[in-house]
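Novice: Chains E and F supply the protein sequences, listed in that same order.
At position 159 of the first sequence the residue is numbered 159 (full-length UniProt numbering), and the sequence of numbers has no breaks.
At position 145 of the second sequence the residue is numbered 145 (full-length UniProt numbering), and the sequence of numbers has no breaks.
In case anyone wonders, no lab produced these hints; they're calculated from the structure.
Any given hint could be a false lead.
Unchecked claim - Straight line, CA to CA, 35 Å or less: simulated DSBU-like cross-link-like pairs of lysine-lysine:
#1 F:K269 / F:K152
#2 F:K152 / F:K108
#3 F:K269 / E:K311
#4 F:K108 / F:K269
#5 E:K311 / F:K152
#6 F:K147 / E:K307
#7 E:K124 / E:K192
#8 F:K108 / E:K124
#9 F:K269 / F:K147
#10 E:K148 / E:K192
#11 F:K147 / E:K311
#12 E:K124 / F:K152
#13 F:K152 / E:K307
#14 F:K243 / F:K256
#15 F:K243 / F:K108
#16 F:K269 / F:K243
#17 F:K243 / E:K307
As the list claims (entries may be wrong) - Partial chain F-side listing against chain E, Cβ under 8 Å, derived:
#18 S133
#19 G134
#20 P135
#21 T136
#22 D138
#23 M160
#24 G196
#25 D199
#26 W202
#27 H211
#28 E216
#29 R304
#30 G306
#31 F340
Ideal Cβ positions, reconstructed from N, Cα and C, are used throughout, including at glycine.
Read off the chains here:
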Amino acid sequence: MSAPATGRINPFLIPGREDAPMSTLCPWRENRHTDVDLYVEVDNYRPALREFQARFTTPSLLRESSRLALVAGDSGCGKSALRNHCAHWLRERLGEVGLRGEILDLSRAIDLTDRENPIIDINKRISHVCGELVHQLAGLDLIDGNAKERFGRAETSAHVYAELAAALDAKEQADVVLIVLLPSVDLLAEVKQYLAMRGPRVVFFAESATVRVPDLDSIGRGNDVEVPPATMTVGTLSAADIRTFIDRRYEQRAKDGVFPRLDDAAVEALMTDTMSIAMLQALLTGLYNELRWGPDEYSNEATIGEKRLFKYILQRFTP
Amino acid sequence: MTGNSGRYAGNPFSPLAVAITTDAVSEDPTIPTAAVSTAQDLLGEYLAAPTLAGAGNVLAVSGEHGTGKTHLGMRLVRVARAADPPANAMYLDVASDHFTGLYSRFIKRLGREGVRARVNDFYADVVADSLASGPTVDIAALVRERKIDPNKVVGGYQMMESALLRQVTERLVEELRSITDNQIYGTALTLLLRPGYDDAVWDWLNGSAPHAALVERGITNRIDDEVSALDAMGVFALLHGRKGRRFVLVVDEIDKILTGRTIEASVSKALQRLLQVFQQTGAFLVLSGLPEFRRALDDDVTERVGVTIQMPRLTPEDVAAFIDQAQRNEADLPTVEFQFPAVERMVRLVNGNPRQIIKLCHALYRTAVEQDRAVDTVMVEEEVEGQSDNATADEVGAAVRDLLDRANVPYAHGHYFGTRDSRADFWIETGPDSGFAILVVDSVFTGTVDELVTRLTAVREARATVEVVLVVANILDPDAAAELSTHLVDPPVRYDRRSFTRTLQPTLRSLATRFAGLGGTDSLAAIREWMVRIDMDNATTHQMVERLGREMDRRDEDTAAQLTTLRERVNIVNLASSVTDRDAEHTERRFPAPAAELFQEALETLDRLAHPDALFDDVFGRTEDSSDHYRRVTQLLNRVATPGVYEAAGTMSLLRRWIVSFSTATASWYVAEGWEAREPGPARSRFDALCRTYERVAETMPLGRIAPLVRLVAEGETDSRRLADRAVQERVTEFTDQFRALGARVRGTVLAELSPP
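Given the sequences, and given the hints that come with them, work out the whole structure.
Specialist: So this is what it looks like as structure tokens:
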């Protein structure tokens, strides 16, 4: 295929991440992702973010307590993006009160393809994550070797989390609050176990595609919960969300280059009940990539109709 | 006969006359009786039904040992697999006495990938439904038609996998509601689709305790009782039989599970549910076993059985047709004339039992070729009398003695009542002038019946009240039986290794009942107690088997190292690893693993049964108590010095050598010519000849000579001579069957591997 003519862009690619169109927005890792324009106001995103912010108005309280935030929703609905945004915001907020938020990404700590050592039950998962956490802390020089060794011999993960603040203090990291991004959680029981971890200066971020909202509410009503979790939910896109997302991306990228627009029929064809943000992103980035490198007209005046959309989808998977 | 030079080069009749139960379904000729035709017609109707709604069926096949039930079952499986479209068909023989054992074999045969494929069907439907509107509607159709892998679509489109899996669980739960309200199967089977969890799920499905990850999801109980095992079978029957997919399951020897015990109501209900599932999902179930199994089913279960087929005794016409067909199937072997009177005589002597007829045909064919003459009645009678691998009077006597000893019944062995003619093999005195006499004979023909009648009369007249039980080890000529009937109240008991106790019990009960009207209270109480003890026979047998099993497990660990060495010597796969360049399309010519496993299994059986290493190691192992040690070494040396042990070791070595040579020759043939043998032709003929050569070897090898070594090992496992005797009988029989069937099984397995998928 020949290189696209100058000025042709794919409006659904994130600038700087053109090689990974499906990578999750991550402002705490990628500075350019802090651009608020990247976050389109769809699917309860902004209210959910505000809900989280409302639960952490006094981040200095984290000196004395731990907290848990849970993002619930089916796969591909934007849980990780929201989690990353919340984690970034919290880190910034902690900086404003003289604390230093340290984000530890353990979301990929559990390898389910390892058949030799399957880590699939709650106790093993929590223990493994705790071990990885200690390892990362040692790697970042936030705890010393003695603490690492002591934690390696700890009876339970609860013991480790209870002693973490002291270990940080011993390394003169008294201003550090750990923001721990946990692997995706299947069961409410696991969420409850993290909630029961008593150790200051730790904020757990959990995601789940299977824990349901009514179950989350029951956690808040439990008598043994000091501080109920901050819960946020994301879901599929409404028809309006889909229109908003597409129009917003067109608007944001119009100044960067040329690209055709989906006509109304094509946009309406995308308005299904099962359209998630990930699915929409995958469809549109793929479609525009194909058009961008193809022979069809690729200009601001050109339109993409429903037929072309269907053709792309069908050809992609036809054996 | 035509073209017969008298050289025996192979045999069109199976040497073992037992259907070879491998995945390579038997191709042995089928005797076309009315029962077989009925079964095939019913299966044919099922396979041809335009829709499965209402087409499901449960067929019961009942018949005595050797009447062809297994052969019929395997034939039905073969027909089902060869249908267009092919049905998912499976043959299962019951290897235990509970439904848990049956389920264990069933799930292993389904296999993880087989089960996963069925669950994936649900997943594909869910994915297709999710794509069924909007721009993906065309893709939905392709997924529904299984032209696209749903997993690829889900990943490629970034679909909401968690929602899809949730729907799979919901649909599974809904569809399985007819079997169980318990949602655990829906949960577990969905987890089978998730990497990381599938091992835990598969272990649980195979009867293991649920992994913690499953317990956390509400799966807390094992599938380890009969109700859960039957429900689990129903789950998989439903999964395999849905969506127009034909599923045929043959369960053979079901009597082992259903008879000899009381079936609990819950188990009976679960069985009823299972049969209902087969009917409702449009699957075809065949339950096959000894006639007693039908009587063991309660009415609700029996109602679910569609048709019952009784396997008949063969008629001379049936046998003549079979002989003709078998010889036509092996056209390159000499044709032998079986005179019709000889066929009639054969049928009469073995009472039309198919298995015995086939074994006789095998032996008669060989004799006829070697002696270059037709099979006539004289040859038939000579062969029947000379059948050397049937039970002997000694073996039967040992079985009777074992039964009486376990029942703790005092008896006199080899008791004479004053005259030489009045010998009772076992005399059980029940009073001053009364008792039971058990007589054991090899065979009874018209020529020998007078002598036997004299003996019977002498025994019966020896006391005021004598009841006589006659046990026949082998052949009972019907004409002789008719003459004996005037001298016996109960018909003679025919000995069968597998079912002797079950067969003898009714006769003994009948005698005890008659004695109840005679004799005093003491004798009646003793007889009643005796009956209770005999009823406990099953439990005792289980205990013995379990104990021997534990001993075997221990020895299996010890022999693992030796087996490794063996595997290095019988390196079948490496023999076939060299690739021919003739056909670049077929670079994978490795000797098929299932066939290699047959050779491995034969060698492992040989080592397991007659490997005294553990005994010898034990002699050198412990020396802390010198007097005890000295005694044990002395005992072992005495046993080793028993006549025949060293000869047995030599025989073992030769048997192993034969198996290895056969395996090497088979592998070499496979590499050189296997591909050409996919269709009948010279290559396949050479393979057939190779297998027949092995069968000749197997026939001539004195397999019974390994018995002293088998006994040495068995006696090292138990202090009980009776248990050792039984173990020796069973193990020698097991090995004999396996060794003699190896040729046919290898042939069937290799050809099945070569068949187009």
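Novice: For every hint, state whether the structure bears it out.
Specialist: Hints and how they fare:
Proposed proximity of K269 (chain F) and K152 (chain F) is contradicted: the alpha carbons are some 42 Å apart, above 35 Å. Using a Cα cut-off of 35 Å, the hinted pair K152 (chain F) and K108 (chain F) holds, with the two alpha carbons roughly 28 Å apart. The suggested pairing of K269 (chain F) with K311 (chain E) is violated, with an alpha-carbon distance near 55 Å, which exceeds 35 Å. Taking the CA atoms of K108 (chain F) and K269 (chain F), the gap is about 24 Å. The hint holds against a cut of 35 Å.
Pair hint K311 (chain E) plus K152 (chain F) holds up; C-alpha atoms about 18 Å apart against a cutoff of 35 Å. Distance hint between K147 (chain F) and K307 (chain E) is fulfilled; the C-alpha atoms sit about 22 Å from each other, no more than 35 Å. The suggested pairing of K124 (chain E) with K192 (chain E) holds, with an alpha-carbon distance near 15 Å, which does not exceed 35 Å. At most 35 Å may separate the alpha-carbon atoms for a hinted pair to count; K108 (chain F) and K124 (chain E) meet this at roughly 29 Å.
Taking the CA atoms of K269 (chain F) and K147 (chain F), the gap is about 41 Å. The hint is violated against a cut of 35 Å. Annotation: proposed proximity of K148 (chain E) to K192 (chain E) holds, straight-line Cα distance about 26 Å (limit 35 Å). Simply put, K147 (chain F) and K311 (chain E) have alpha-carbon atoms about 17 Å apart, close enough for the 35 Å limit, and the pair holds. The straight-line distance between the Cα atoms of K124 (chain E) and K152 (chain F) is roughly 30 Å, inside the 35 Å bound, and the hint therefore holds.
With a C-alpha separation of about 23 Å, the suggested pair K152 (chain F) and K307 (chain E) falls inside the 35 Å cut-off, and the hint holds. For a cut-off of 35 Å, the pair hint linking K243 (chain F) to K256 (chain F) stands: about 33 Å separates their Cα positions. The suggested pairing of K243 (chain F) with K108 (chain F) holds, with an alpha-carbon distance near 23 Å, which does not exceed 35 Å. In summary, the hint linking K269 (chain F) to K243 (chain F) is supported, as the alpha carbons are separated by about 26 Å, within the 35 Å threshold.
Taking the CA atoms of K243 (chain F) and K307 (chain E), the gap is near 33 Å; set against the 35 Å cutoff, the hint holds. Among the interface hints, the one on S133 (chain F) holds; its C-beta lies about 5 Å from the nearest C-beta in chain E, closer than the 8 Å criterion. Taking 8 Å as the C-beta contact cut-off toward chain E, the hint placing G134 (chain F) at the interface holds, the least distance being around 4 Å. Interface restraint check for P135 (chain F): the shortest CB-CB distance to chain E comes to about 5 Å, inside 8 Å, so the restraint holds.
Interface hint status for T136 (chain F): upheld, as the beta-carbon distance to the closest one in chain E is roughly 6 Å, under 8 Å. Taken as an interface hint, D138 (chain F) checks out: its beta carbon lies about 5 Å from the nearest beta carbon of chain E, inside 8 Å. Among the interface hints, the one on M160 (chain F) holds; its C-beta lies about 4 Å from the nearest C-beta in chain E, closer than the 8 Å criterion. Interface restraint check for G196 (chain F): the shortest CB-CB distance to chain E comes to about 3 Å, inside 8 Å, so the restraint holds.
Look at D199 (chain F): its Cβ gets to within about 6 Å of chain E, closer than 8 Å, so that hint holds up. At its closest, the beta carbon of W202 (chain F) sits 11 Å from a beta carbon of chain E; the interface hint therefore is violated under the 8 Å criterion. This hint holds: H211 (chain F) has a C-beta 7 Å from the nearest C-beta of chain E, less than the 8 Å allowed. A cut of 8 Å between beta carbons decides the hint on E216 (chain F): the least distance to chain E is about 6 Å, and the hint holds.
Violation of the interface hint for R304 (chain F) is found here, the shortest Cβ-Cβ separation to chain E being roughly 39 Å, above the 8 Å cut-off. For G306 (chain F), the shortest C-beta to C-beta distance to chain E is roughly 42 Å, which exceeds 8 Å, and the interface hint is violated. This hint is violated: F340 (chain F) has a C-beta 62 Å from the nearest C-beta of chain E, more than the 8 Å allowed.
Violated hints for the displayed structure, listed by number in ascending order: 1, 3, 9, 26, 29, 30 and 31.
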